[in-house]
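One line per chain: the protein sequences are A and B, in this order.
Sequential numbering of the first sequence, starting at 2, is according to our numbering.
Sequential numbering of the second sequence, starting at -7, is according to our numbering.
Just so you know, the hints here were simulated from the structure itself, not pulled from any lab data.
Every value quoted in this text rests on a predicted model; they were computed, and no experiment measured them.
Anything over 12 Å on all C-beta distances counts as not near chain A; from chain B, calculated:
#1 V4
#2 V60
#3 N107
#4 H128
#5 G149
#6 A186
#7 G199
#8 L222
#9 H234
#10 R253
#11 G257
Using 20 Å as the maximum straight-line C-alpha spacing, the simulated EDC-like pairs for lysine to aspartate or glutamate come out as follows:
#12 K3(A) <-> E(-5)(B)
#13 K161(B) <-> E211(B)
#14 K18(B) <-> E68(A)
#15 K31(B) <-> D25(A)
#16 K7(A) <-> D53(A)
#17 K3(A) <-> D39(B)
#18 K31(B) <-> D29(A)
#19 K31(B) <-> D16(B)
Quick reminder that beta carbons are idealized off the backbone N, C-alpha and C, glycines included.
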Amino acid sequence: MKLSLKVNGRTLEAHIEPRTLLADFLRDHLRLTGTHIGCDTAQCGACTVHLDGRAVKACNLLALQAEGCEVTTIEGITPEGALHPMQAAFRDHHGLQCGYCTPGMIMSALDLVAREPAPSRERIREALEGNLCRCTGYQNIVSAVEAGARALAAKG
Amino acid sequence: MYEFQYHRATSVADAAAKLAAATDGKLLAGGQTLIAAMKLRLAAPSDLVDLRAIPELRGVCPDGDAVVIGATTTHAEVAASPEVRARIPALAALAEGIGDPMVRNAGTLGGSVANNDPAADYPAALLALGATVITHKRHIAAADFFTGMYETALEPGEILMAVSFPAPKRAGYAKFPNPASRYAIAGVFVAETAAGVRVAVTGAGPGVFRVPAMEQALEKRFAPESLAGLTVSASDLSGDMHASAEYRAHLVGVMATRAVRVALGG
Ligand SMILES: Cc1cc2nc3c(=O)[nH]c(=O)nc-3n(C[C@H](O)[C@H](O)[C@H](O)COP(=O)(O)OP(=O)(O)OC[C@H]3O[C@@H](n4cnc5c(N)ncnc54)[C@H](O)[C@@H]3O)c2cc1C
Ligand code: FES
Ligand code: FES
Chain A
2 MKLSLKVNGR TLEAHIEPRT LLADFLRDHL RLTGTHIGCD TAQCGACTVH LDGRAVKACN
62 LLALQAEGCE VTTIEGITPE GALHPMQAAF RDHHGLQCGY CTPGMIMSAL DLVAREPAPS
122 RERIREALEG NLCRCTGYQN IVSAVEAGAR ALAAKG
Chain B
-7 MYEFQYHRAT SVADAAAKLA AATDGKLLAG GQTLIAAMKL RLAAPSDLVD LRAIPELRGV
53 CPDGDAVVIG ATTTHAEVAA SPEVRARIPA LAALAEGIGD PMVRNAGTLG GSVANNDPAA
113 DYPAALLALG ATVITHKRHI AAADFFTGMY ETALEPGEIL MAVSFPAPKR AGYAKFPNPA
173 SRYAIAGVFV AETAAGVRVA VTGAGPGVFR VPAMEQALEK RFAPESLAGL TVSASDLSGD
233 MHASAEYRAH LVGVMATRAV RVALGG
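The task is simple: from the sequences and hints, build the whole structure.
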């Protein structure tokens, strides 16, 4: 079936089986493997992408549900080779160890700061409710989001 | 996931016709429950009819003393809606407490109500507020809508279009969430409405239910102390690895008290 959508600013058309999940479409068809599949059961948030600007779990949606929408993946938040301020904050604050959960964490964090530019640590924890990290504990992740939010606000 | 035919409906009439033409069709809203069930092959519809491109099913609009919320309005949209926040803040807070942000950005009111998961949050609000479910065929009172575990009064092929929530004098919702999914282990919605006080419980039993003894006590005096000593019997409640029936019975009392406090502004 035909699918038309925008991914990371690029308009594209594809022919897919209706049962193709959005996560599989991004990873296998478009080779955007930054969207990770952790649990594949809507629990862990590793597959988080933005659908028309809001964070969703790409493993729990059909690609066809994104028809006419704008999808942003971790690859789309910054030009290739450069680090987004939120990514830089995760590096600076040791907000990751293995990095598997990180793309999802960052996509959730960016959804939060787009609506609340200066969130409290408590709000950051609430916003990351759907993102699990099996390595780090969450202290440094929360610090990273806090710093990333500040860096983005300073940039304007 | 097994193969299926996918259809994008452009109007409610179009959705009804597409569903009627399918051998074993199902409506698709946010997909947060249905896609997961299809991946596990617990559901294997021949056809999916996607409702999300139907504009009249989405949005919040005031209607006299009530707030009417379209079926495909997401939980995040309900939580952020100025009308809902102004007129039924307890409902906005309930929507804000469903699952996690990603689930709230995709999952819809209609999908949750039609699915009637025994641990879902919305059924408690519908029952306590005396809401009306509007389908493409008729109006159904919440009291007649939730008929059992995952069972509703919806007929095969009937499309839930909106829910009309009368604004209460005051209301509050409190839940003890499952720490992983955030579904209710016990959730209690208390509302003081034109028709009296209603206390509706979700998560604790096989379906949402009211607690007349608590309603009568709160009718006399709408205060947390009125609920002292009142509990529900554990014999009709659910017990599982997360909580025994006795623990759930205890939680109902605690959540009801908290909900009254929330309704009173604390
Ligand atoms: C990780 C996770 C955590 C969650 N936590 C919670 C929670 O804390 N509390 C809670 O209440 N829920 C929770 N949910 C469930 C969530 O709220 C779902 O969004 C909701 O139950 C289903 O809504 P949906 O729009 O995704 O429906 P879908 O999955 O698309 O559909 C669900 C069912 O309803 C039917 N249906 C959908 N729309 C209509 C309609 N308009 N008319 C008739 N039938 C229709 C479908 O055919 C299907 O059978 C959670 C889900 C996940 C994945
Ligand atoms: S892979 Fe999608 S939530 Fe875990
Ligand atoms: S850094 Fe390894 S899962 Fe989060």
